[in-house]
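Asks: To get the working numbering, take the position in the sequence shown, counting from 1, and add 822.
Incorrect hints may have been included.
[As the list claims (entries may be wrong)] With a Cα cut of at most 25 angstroms, we get these calculated DSS-like pairs of lysine-lysine:
{"#": "1", "residue 1": "Lys1227", "residue 2": "Lys1328"}
{"#": "2", "residue 1": "Lys1110", "residue 2": "Lys982"}
{"#": "3", "residue 1": "Lys1227", "residue 2": "Lys1298"}
{"#": "4", "residue 1": "Lys1094", "residue 2": "Lys1054"}
{"#": "5", "residue 1": "Lys1174", "residue 2": "Lys1110"}
{"#": "6", "residue 1": "Lys947", "residue 2": "Lys923"}
{"#": "7", "residue 1": "Lys1314", "residue 2": "Lys1094"}
{"#": "8", "residue 1": "Lys1174", "residue 2": "Lys1054"}
{"#": "9", "residue 1": "Lys1174", "residue 2": "Lys982"}
{"#": "10", "residue 1": "Lys947", "residue 2": "Lys862"}
{"#": "11", "residue 1": "Lys923", "residue 2": "Lys937"}
{"#": "12", "residue 1": "Lys862", "residue 2": "Lys958"}
{"#": "13", "residue 1": "Lys947", "residue 2": "Lys958"}
{"#": "14", "residue 1": "Lys1094", "residue 2": "Lys1174"}
{"#": "15", "residue 1": "Lys1314", "residue 2": "Lys1054"}
{"#": "16", "residue 1": "Lys1076", "residue 2": "Lys1110"}
{"#": "17", "residue 1": "Lys937", "residue 2": "Lys862"}
{"#": "18", "residue 1": "Lys937", "residue 2": "Lys947"}
{"#": "19", "residue 1": "Lys1314", "residue 2": "Lys1328"}
{"#": "20", "residue 1": "Lys1298", "residue 2": "Lys1314"}
{"#": "21", "residue 1": "Lys1094", "residue 2": "Lys1110"}
By construction, these hints were calculated from the structure, which means they are not laboratory data.
As the structure is a prediction and not an experimental result, all values here were calculated from the model.
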Amino acid sequence: MLKDTSTAMSPVYFLLVDDLEDNLLSLEALLRRENLVLLKARSGEEALELLLVHDVALGLLDVQMPGMDGFELAELMRGNDRTRHVPIIFLTASTADNQRKFRGYEAGAVDFIQKPIEWDILRSKANVFFDLYRQKQQIADQRDRLEAYAETLTRSDRYKDQFLAILAHELRNPLTPLRMGLDVLRGHPARERTEQIHGVMDRQLVHLVRLVDDLLDVSRVSQGKIALQRTKVRIADIVEAALEASQPFVDGGKHALRVDVADTPMWIDGDKTRLTQIVGNLLNNAAKYTPTGGSLAVDATREGDEAVIVVSDNGMGIPPAMQANIFELFTQVGEHLTRSQGGLGIGLALVKQLVGMHEGSISVSSEGENQGSRFTVRLPLLPLEQPADRVLSSDDRGANDERLKVLVIDDNVDVAETIGWLLQEMGHEHHVVLDARLALDAAHAFQPDVVLLDVGMPTMSGYDVCRAFRQDALLKHLPIIAQTGWGQANDKAATAEAGFNHHLVKPVGAVDLRDALALVTDPFRSAVV
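Please work from the sequences and hints to get the whole structure.
Replies: Take a look at the structure:
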């Protein structure tokens, strides 16, 4: 139910008209109450001037006044659209005969009160009109709010239809080359063509995963279900990771990319994955909405106690009328849908939400169409004297060259086989178990160095399998990596509690798998995590 808040403290106006100042002061003293403003006039002319400025809930008019009397004032009020429906109570010192009352009611009176006034009666009647006007205000406010809400629902429904149409289009785009690529591969093409197809399929899979991730992220952020995994992160590392993630878009557009990160140490308390996502999404957009062979730039500087990251391009630009709404869900710039690589229209909305979660701000500037765009992210920095965690060097991040025996436990045959192929390409030996109930026996027989364990399996959950390993005297120290489609903080906490050493979120790529294997088999790196 919509709750009224805007009218709770708004004033209510009464109009008091009497040619005698003492009478006005007496009425004011009697009627005074919270949120009631008493407008006083000593003539009909003064009253009309006040009525041009204020909407009043009640008029208390003296009948007998020099010049314009109360009846004449009431008739003028009834002839004006603004004051036509104002309730009027006449205050009269003479006995009101029927003819006089008839004239008063004809002029618009709702009541007559005889002088000397019985103050309790007048106060009670005035309170009734005060409450009636307040209810009228509340009803009008609720009506406006309901109309605005209905308009919002209509707009949301329209956005939903547009979004579903865009989603269907965007999902079909990467699926088409994937399907065609598979058909071509079945014909055993030449090695060069096979490599080309692999490249196409890899790019489209990355795009498909990004679409799904953005969909999940914007939903979770909107519902407050994303918890940041905060650590001390260096701005230079965020930019480097974003550049690596966005390189396919930059290369695909044959763009020139300039990167300038200040030498001044800049550290932030934030979630590196999400911060990388912020810069990466902005750079992806710059690449997508810039014609082939364009110029992109990423600049990171320090201004006071803030890091300022600017992603700019010389691309299609943003019309001034759209800049205020560019961070809203499902917003895309005009005809860019037909001129770019498409998109769901949720990337910038997600960026703004993630920036806000880091107590930062984001703004956009563009001179207009074909004038390029400039997105500026401001994030609070840690003090310069803040001790920083050790950053892994490139040597630390290198792959573990040791040949490993890897036990793969997954009920999905296709997933298990493709992981096996990847492990073979990396030079590792592997054994696949499709039934979780056979995992322990297989481990005793195979004696693996690492276990890759799916979490969601029908016969026995990955959590239960992991706990069983931890209770086995010969297997309890084995590194176990979880594979799951769930990647929130509570999901990672659940796998850690069950005894997993690492948490991989599907779909798992070759780099992810290589890094995870190196991580759980290197004592120093395990300690760092």
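Asks: Within a Cα-Cα threshold of 25 angstroms, do Lys923 and Lys937 meet the stated pairing?
Replies: OK: Lys923 and Lys937 at ~15 angstroms, within 25 angstroms.
Asks: Measure nothing beyond the straight line between the CA atoms of Lys1314 and Lys1094; if it is 25 angstroms or shorter, mark the hint as holding.
Replies: Since the Cα atoms of Lys1314 and Lys1094 sit roughly 16 angstroms apart, the hinted pair holds (cutoff 25 angstroms).
Asks: Taking only the CA atoms, is the gap from Lys1174 to Lys982 under or equal to 25 angstroms?
Replies: holds (20 angstroms)
Asks: Within a Cα-Cα threshold of 25 angstroms, do Lys1314 and Lys1054 meet the stated pairing?
Replies: holds (20 angstroms)
Asks: Holds or violated: are the alpha carbons of Lys1314 and Lys1328 at most 25 angstroms from each other?
Replies: holds (13 angstroms)
Asks: Given the proposed pairing of Lys1094 with Lys1174, does the C-alpha separation stay at or below 25 angstroms?
Replies: holds (16 angstroms)
Asks: Holds or violated: Lys1174 with Lys1054, Cα cutoff 25 angstroms?
Replies: With Cα atoms ~21 angstroms apart, Lys1174 and Lys1054 stay inside 25 angstroms; holds.
Asks: Would you check the hint for Lys1227 and Lys1298, treating anything up to 25 angstroms between C-alpha atoms as holding?
Replies: The given pair, whose Cα atoms are some 16 angstroms apart, holds under the 25 angstroms limit.
Asks: Hey, Lys1110 versus Lys982, does the alpha-carbon distance stay inside 25 angstroms?
Replies: Since the Cα atoms of Lys1110 and Lys982 sit roughly 24 angstroms apart, the hinted pair holds (cutoff 25 angstroms).
Asks: For the pair supplied as a hint, Lys937 and Lys947, is the alpha-carbon distance within the 25 angstroms limit?
Replies: Holds, because 15 angstroms separates the two Cα atoms, which is no more than 25 angstroms.
Asks: Given the hint that Lys1094 pairs with Lys1110, does the C-alpha gap stay at or below 25 angstroms?
Replies: Distance of about 24 angstroms is within 25 angstroms: holds.
Asks: Holds or violated: are the alpha carbons of Lys937 and Lys862 at most 25 angstroms from each other?
Replies: The hint holds at about 19 angstroms.
Consistency note: the structure conflicts with none of the earlier hints.
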